[in-house]
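Participant: Each chain, written out:
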Amino acid sequence: DTAVSQTPKYLVTQMGNDKSIKCEQNLGHDTMYWYKQDSKKFLKIMFSYNNKELIINETVPNRFSPKSPDKAHLNLHINSLELGDSAVYFCASSQDRGGAPYNEQFFGPGTRLTVL
Amino acid sequence: RKEVEQDPGPFNVPEGATVAFNCTYSNSASQSFFWYRQDCRKEPKLLMSVYSSGNEDGRFTAQLNRASQYISLLIRDSKLSDSATYLCAVMEAGGFKTIFGAGTRLFVKA
Numbered sequence: 001d002t003a004v005s006q007t008p009k010y011l012v013t014q015m016g017n018d019k020s021i022k023c024e025q026n027l028g029h030d031t032m033y034w035y036k037q038d039s040k041k042f043l044k045i046m047f048s049y050n051n052k053e054l055i056i057n058e059t060v061p062n063r064f065s066p067k068s069p070d071k072a073h074l075n076l077h078i079n080s081l082e083l084g085d086s087a088v089y090f091c092a093s094s095q096d097r098g099g100a101p102y103n104e105q106f107f108g109p110g111t112r113l114t115v116l
Numbered sequence: 001r002k003e004v005e006q007d008p009g010p011f012n013v014p015e016g017a018t019v020a021f022n023c024t025y026s027n028s029a030s031q032s033f034f035w036y037r038q039d040c041r042k043e044p045k046l047l048m049s050v051y052s053s054g055n056e057d058g059r060f061t062a063q064l065n066r067a068s069q070y071i072s073l074l075i076r077d078s079k080l081s082d083s084a085t086y087l088c089a090v091m092e093a094g095g096f097k098t099i100f101g102a103g104t105r106l107f108v109k110a
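Chains as they are written, first to last, in our numbering: chain E, 1 to 116; chain W, 1 to 110.
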């Protein structure tokens with residue numbers, strides 16, 4: 001059973017288009033995240049959600065809009081795609097203790113986005 | 001200064017060698033520390049958490065020095081299968097933000 005799944009795995013699109021990436025976790029975790037890993041392999045947090053509420057927004061352009069319909073899902077919609085958005089996007093989740101995440105994060109397999 | 005810094009390497013070592021990676025962090029209020037392993041074109045996976053007292057898991061030993069704000073990872077008796085990128089991760093107070101280092105690339109050769 002896949003713990004954290006993402007779709008699609010690959011996404012190739014033209015500049016200016018709008019696209020969405022979906023993420024689901026079946027671990028029963030309370031906190032979910034989106035990360036961006038660029039061509040230099042630097043993994044940078046974008047958003048943290050806890051029980052469907054946005055906790056962290058790391059100065060991401062508002063073209064990026066996450067949505068959490070329930071605790072198990074965190075989707076990422078990107079408007080007006082730009083060349084610089086090309087990267088691998090990872091979803092992750094972690095368990096809470098005392099209302100805050102602790103210990104490890106479990107990552108999805110990643111979505112490789114290429115903007116032409 | 002970057003929030004979490006690692007030597008990017010690459011480290012090229014023969015099988016059986018011992019290799020050590022260091023990582024420094026800037027936020028003294030950071031609460032938890034981890035090493036993740038990332039294989040080529042795969043997602044990061046937890047290798048081990050890092051505790052103040054130091055901890056060992058088989059051939060891997062992690063250390064934390066809060067006073068100097070660095071963590072380390074020691075790999076003994078390197079195997080070909082240890083070839084990967086090792087990411088240092090620092091969780092800030094509150095738990096909702098984890099900063100990853102840029103990763104250290106390790107190549108173990110026969």
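Worth flagging that the hints you see were computed from the coordinates, not collected in a lab. The structure presented is a predicted model; accordingly, all values stated were derived computationally and were not measured. Don't take every hint at face value.
[What the hints assert, rightly or not] Capping the alpha-carbon separation at 30 Å, the derived lysine-lysine pairs in DSSO-like fashion look like this:
{"#": "1", "chain 1": "E", "residue 1": "K19", "chain 2": "E", "residue 2": "K71"}
{"#": "2", "chain 1": "W", "residue 1": "K109", "chain 2": "E", "residue 2": "K71"}
{"#": "3", "chain 1": "W", "residue 1": "K97", "chain 2": "E", "residue 2": "K22"}
{"#": "4", "chain 1": "E", "residue 1": "K22", "chain 2": "E", "residue 2": "K40"}
Participant: Take the C-alpha atoms of E/K19 and E/K71, compute the straight-line distance between them, and say whether it is at most 30 Å.
Facilitator: holds (22 Å)
Participant: Does E/K40 sit within 30 Å of E/K22, going by the straight-line distance between their CA atoms?
Facilitator: holds (24 Å)
Participant: Can you confirm whether the C-alpha distance between W/K109 and E/K71 stays at or below 30 Å?
Facilitator: violated (44 Å)
Participant: With a cut-off of 30 Å on the C-alpha distance, tell me whether W/K97 and E/K22 pass.
Facilitator: holds (21 Å)
Of the numbered hints listed earlier, the single one contradicted by the structure is hint 2.
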